[in-house]
Amino acid sequence: MNPIDTVESVFANSNLLFEVLGTLAFALSGLIEAARKKLDFVGMAMVSALAAFGGGTLRDVLLDRRPFFWVQNEFWLWVLLAIVLAAMLFVRSRHLEVTARATTWPDALGLGIFTASGTQIALNAGLSPLVSIIMGIITAVFGGVLRDVVVNEIPRAFSDHQPYSVIAFIGGWVVVGLNSLGSSDFWAITVGALFIIAVRILAIVRGWRLPEWRA
Amino acid sequence: MNPIDTVESVFANSNLLFEVLGTLAFALSGLIEAARKKLDFVGMAMVSALAAFGGGTLRDVLLDRRPFFWVQNEFWLWVLLAIVLAAMLFVRSRHLEVTARATTWPDALGLGIFTASGTQIALNAGLSPLVSIIMGIITAVFGGVLRDVVVNEIPRAFSDHQPYSVIAFIGGWVVVGLNSLGSSDFWAITVGALFIIAVRILAIVRGWRLPEWRA
Amino acid sequence: MNPIDTVESVFANSNLLFEVLGTLAFALSGLIEAARKKLDFVGMAMVSALAAFGGGTLRDVLLDRRPFFWVQNEFWLWVLLAIVLAAMLFVRSRHLEVTARATTWPDALGLGIFTASGTQIALNAGLSPLVSIIMGIITAVFGGVLRDVVVNEIPRAFSDHQPYSVIAFIGGWVVVGLNSLGSSDFWAITVGALFIIAVRILAIVRGWRLPEWRA
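Chains as they are written, first to last, in full-length UniProt numbering: chain A, 1 to 215; chain B, 1 to 215; chain C, 1 to 215.
These are calculated hints, taken from the structure and not from any lab test.
Treat the hints with care, as some may be off.
[What the hints assert, rightly or not] As a list, the in silico EDC-like pairs of lysine to aspartate or glutamate whose alpha-carbon atoms are at most 16 Å apart:
| no. | chain 1 | residue 1 | chain 2 | residue 2 |
| --- | --- | --- | --- | --- |
| 1 | C | K37 | C | E212 |
| 2 | C | K38 | A | E74 |
| 3 | C | K38 | C | E97 |
| 4 | B | K38 | B | E97 |
| 5 | C | K38 | C | E153 |
| 6 | B | K38 | C | E212 |
| 7 | B | K37 | C | D185 |
| 8 | B | K38 | C | E153 |
| 9 | A | K38 | A | D160 |
| 10 | C | K38 | A | D160 |
| 11 | B | K38 | C | D160 |
| 12 | A | K37 | A | E153 |
| 13 | A | K37 | B | E153 |
| 14 | A | K38 | B | E212 |
| 15 | C | K37 | A | E212 |
| 16 | B | K37 | B | E97 |
| 17 | A | K38 | B | E153 |
| 18 | A | K38 | B | D64 |
| 19 | C | K37 | C | E97 |
| 20 | A | K38 | B | D160 |
| 21 | B | K38 | B | E153 |
| 22 | B | K37 | B | E153 |
| 23 | A | K38 | A | E74 |
| 24 | C | K37 | A | E97 |
| 25 | C | K37 | A | E19 |
| 26 | B | K37 | C | E212 |
| 27 | A | K37 | A | E97 |
| 28 | B | K37 | C | E153 |
| 29 | A | K37 | B | E97 |
| 30 | C | K38 | A | E97 |
With these hints in hand, go ahead and build the complete structure from the sequences.
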């Protein structure tokens with residue numbers, strides 16, 4: 001095994017770890033939203049599943065791609081059911097705010113991983129750079145949009161004036177640029193995701209906000 | 001015709017009757033919701049159609065299956081338009097509560113029939129037991145979810161603490177079990193549907209509720 | 001070039017002009033709704049895109065048709081981004097009502113063009129008249145439905161008692177009728193669209209309303 005292969009193998013494992021953390025963060029965001037709205041067990045499971053898998057499923061429907069992630073990796077459906085059950089048994093409302101704050105960081109991982117991988121999947125399907133980046137954003141952001149729509153809130157991604165989709169948009173161009181430089185899928189996704197994660201964390205730490213529309 | 005064939009033929013006809021009753025119950029639930037929200041004729045027709053056909057259509061989009069039920073059986077679109085017209089001419093708001101209560105029973109038929117048939121369709125498409133049952137639940141439950149989302153309510157199926165999707169989930173395993181015992185599609189659907197219908201009626205009569213999340 | 005060809009070429013250019021005006025009107029309706037709800041830049045872009053392209057995209061998903069309009073004509077995505085940027089820089093809330101009123105007329109163009117072309121596309125895909133007309137209505141109306149659902153409003157198309165989808169429904173039968181008389185796609189779409197546009201403008205000018213449901 002040459003050094004590059006070793007690096008790729010270490011990174012591939014971190015990639016899987018990141019993806020797991022991102023999926024869990026998205027599922028938790030759904031669970032928290034469902035708990036705030038006092039949904040029942042079914043609502044908690046459905047809203048968590050929408051938040052975790054909704055974006056990737058919508059991208060695959062738009063790209064006419066099958067099987068879906070959760071159809072091929074059924075294991076994650078069981079994990080999700082277990083999390084919801086555990087949450088109902090052990091979580092109390094005083095834990096919710098703590099958990100919400102704690103999901104900020106894995107959520108940044110999710111944003112980076114899912115935007116970068118979604119963009120790469122669309123590029124591989126032959127779509128143009130702009131359309132591919134939109135597919136990447138849909139992958140990362142529309143789970144949360146569906147989560148909010150279904151519990152009767154205006155999607156946070158559309159209204160909180162945080163640089164979230166905008167960072168994903170810029171990071172998508174990093175993925176596109178690396179592809180046009182002949183980089184492998186692996187490196188394009190990894191560098192694109194790390195770029196998005198870093199900028200997103202910077203944005204949270206520094207409290208960056210989108211410019212207000214001057215009404 | 002041997003006795004088994006006769007039984008199947010009688011049951012097949014009841015199946016059709018059940019399916020009709022289930023579709024009508026779902027359409028009526030949409031109509032009632034639309035009337036409560038004071039929608040106009042178009043809104044009534046659209047929300048009824050979403051409630052009646054939305055779940056099956058979403059399942060078919062996810063399974064990449066065409067044609068949709070309402071494309072192949074256009075007759076039902078005309079029935080739906082006729083029902084909405086009749087409702088606008090003859091129904092007054094004092095009738096709404098009575099009708100809402102009256103739809104509880106055919107709604108249980110719809111839950112059973114559509115969960116069982118949706119699960120079987122997904123099994124036949126080669127999906128795993130858990131994913132197939134989820135497709136069955138989507139068939140039976142997501143028409144109502146779309147109905148509620150579109151009139152700006154949190155879906156009842158996520159928030160009313162009634163054992164509805166949970167019964168469908170358990171009944172889905174009955175369908176899966178019968179399949180693995182080598183039962184025909186017909187018997188798997190029939191027994192699975194009857195199981196769900198019976199348990200759902202029991203749940204209504206006994207007033208069963210899902211456990212509360214202890215906030 | 002014989003006279004008929006000249007007419008077709010002039011009309012084809014007006015058709016393109018109409019389509020552009022219709023798309024812009026739908027995008028503006030999304031922009032205005034997003035501004036009213038004080039969404040951020042991302043929300044404005046997303047809601048405008050949903051309003052402009054959501055109906056056609058949903059139709060194509062239902063018909064299993066690819067590529068989508070906005071995938072094949074990426075130019076329009078850039079136009080949309082430019083409009084949203086310009087709106088954030090130059091539009092103030094006192095302009096909103098004026099703009100809302102100004103979009104009434106191009107919106108009527110959009111209703112006509114998209115219903116007629118959506119109906120024709122579905123007829124060409126071999127669907128029945130009624131189903132094709134429903135696909136036409138989905139093309140023209142569901143962008144606005146998605147726009148309203150995502151900003152947490154009951155869809156205007158379902159509740160404002162204006163003859164909007166109903167006019168589209170009648171106009172769809174004009175398209176179907178011309179097809180059964182052997183007319184070319186071009187003329188079926190043109191005449192159907194002009195019919196809808198004319199009746200819609202008449203409805204606005206005369207203040208026609210759908211009959212109320214007598215509660």
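The hints, checked one at a time:
| no. | hint | verdict |
| --- | --- | --- |
| 1 | C:K37 x C:E212 | violated (29 Å) |
| 2 | C:K38 x A:E74 | violated (40 Å) |
| 3 | C:K38 x C:E97 | holds (15 Å) |
| 4 | B:K38 x B:E97 | holds (15 Å) |
| 5 | C:K38 x C:E153 | holds (14 Å) |
| 6 | B:K38 x C:E212 | holds (9 Å) |
| 7 | B:K37 x C:D185 | violated (40 Å) |
| 8 | B:K38 x C:E153 | holds (14 Å) |
| 9 | A:K38 x A:D160 | violated (23 Å) |
| 10 | C:K38 x A:D160 | holds (10 Å) |
| 11 | B:K38 x C:D160 | holds (10 Å) |
| 12 | A:K37 x A:E153 | holds (10 Å) |
| 13 | A:K37 x B:E153 | holds (12 Å) |
| 14 | A:K38 x B:E212 | holds (9 Å) |
| 15 | C:K37 x A:E212 | holds (13 Å) |
| 16 | B:K37 x B:E97 | holds (14 Å) |
| 17 | A:K38 x B:E153 | holds (14 Å) |
| 18 | A:K38 x B:D64 | violated (34 Å) |
| 19 | C:K37 x C:E97 | holds (14 Å) |
| 20 | A:K38 x B:D160 | holds (10 Å) |
| 21 | B:K38 x B:E153 | holds (14 Å) |
| 22 | B:K37 x B:E153 | holds (10 Å) |
| 23 | A:K38 x A:E74 | violated (27 Å) |
| 24 | C:K37 x A:E97 | violated (26 Å) |
| 25 | C:K37 x A:E19 | violated (34 Å) |
| 26 | B:K37 x C:E212 | holds (13 Å) |
| 27 | A:K37 x A:E97 | holds (14 Å) |
| 28 | B:K37 x C:E153 | holds (12 Å) |
| 29 | A:K37 x B:E97 | violated (26 Å) |
| 30 | C:K38 x A:E97 | violated (25 Å) |
Of the numbered hints listed earlier, those contradicted by the structure are 1, 2, 7, 9, 18, 23, 24, 25, 29, 30.
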